[in-house]
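Novice: Here is what each chain is made of, one letter per residue.
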Amino acid sequence: KQEVTQIPAALSVPEGENLVLNCSFTDSAIYNLQWFRQDPGKGLTSLLLIQSSQREQTSGRLNASLDKSSGRSTLYIAASQPGDSATYLCAVQTQGAQKLVFGQGTRLTINP
Amino acid sequence: GAVVSQHPSWVICKSGTSVKIECRSLDFQATTMFWYRQFPKQSLMLMATSNEGSKATYEQGVEKDKFLINHASLTLSTLTVTSAHPEDSSFYICSAAGRFLETQYFGPGTRLLVL
Chain W
1065 KQEVTQIPAA
1075 LSVPEGENLV
1085 LNCSFTDSAI
1095 YNLQWFRQDP
1105 GKGLTSLLLI
1115 QSSQREQTSG
1125 RLNASLDKSS
1135 GRSTLYIAAS
1145 QPGDSATYLC
1155 AVQTQGAQKL
1165 VFGQGTRLTI
1175 NP
Chain X
35 GAVVSQHPSW
45 VICKSGTSVK
55 IECRSLDFQA
65 TTMFWYRQFP
75 KQSLMLMATS
85 NEGSKATYEQ
95 GVEKDKFLIN
105 HASLTLSTLT
115 VTSAHPEDSS
125 FYICSAAGRF
135 LETQYFGPGT
145 RLLVL
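Those sequence lines, one after another, are chains W and X.
All letters in the first sequence, in the order written, are residues 1065 to 1176 by the numbering used here.
All letters in the second sequence, in the order written, are residues 35 to 149 by the numbering used here.
If you are wondering where the hints come from, they were derived from the structure by calculation, not from laboratory data.
Keep in mind that this is a model prediction, so the values were computed, not measured.
None of the hints are false.
Simulated pairs of lysine-lysine, DSSO-like, Cα-Cα distance not exceeding 30 Å:
1. X:K100 - W:K1106
2. X:K48 - X:K75
3. W:K1065 - X:K100
With the sequences and hints as input, model every part of the structure.
Specialist: Structure follows, in structure tokens:
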């Protein structure tokens, strides 16, 4: 059974800092891994999708890496801004399965 | 990108009543739709997977007779919470995927409060 863990559960940093969010998964036979952002009381916004054959994806100030063999992914946020404050969720789609398995999320606060 | 809508966005109901939530894919055909539930400060938990024209597949621990799912067309799935109780109060999110399941597109969610 696939299990996804995110560390830390919460993170508070001053504006302008670079930061890294971590995601680990137990079954390395994945189809893809996705990072989402969720604002309070809202739905999910997809940030980056990494296919199993890829090692990283970049979008603006965001960079996500994938090390399938070790069951890890990181989301790197450069030059953080207060508007980046949200909960970040990592989700994995296992090979042969349709569903996504989500981590518990990291609640990020960027202080002005 | 693909757009998924949910209706209503907010619903308050009395205990014992039934509530229907709609999930629509607006600009693509969703062969598969997923229903998730999210309790406060927790992550999304998959409740069920539905394929158009087939019966939904429920996750372990989810009562299929309480959470009725209908996926009658390629653009619409509905979740009906029957005989709702306060413990059913939660944030319900749907997602939709096309034929090749390359990615899921998420709706904005429906917040249910059962009094």
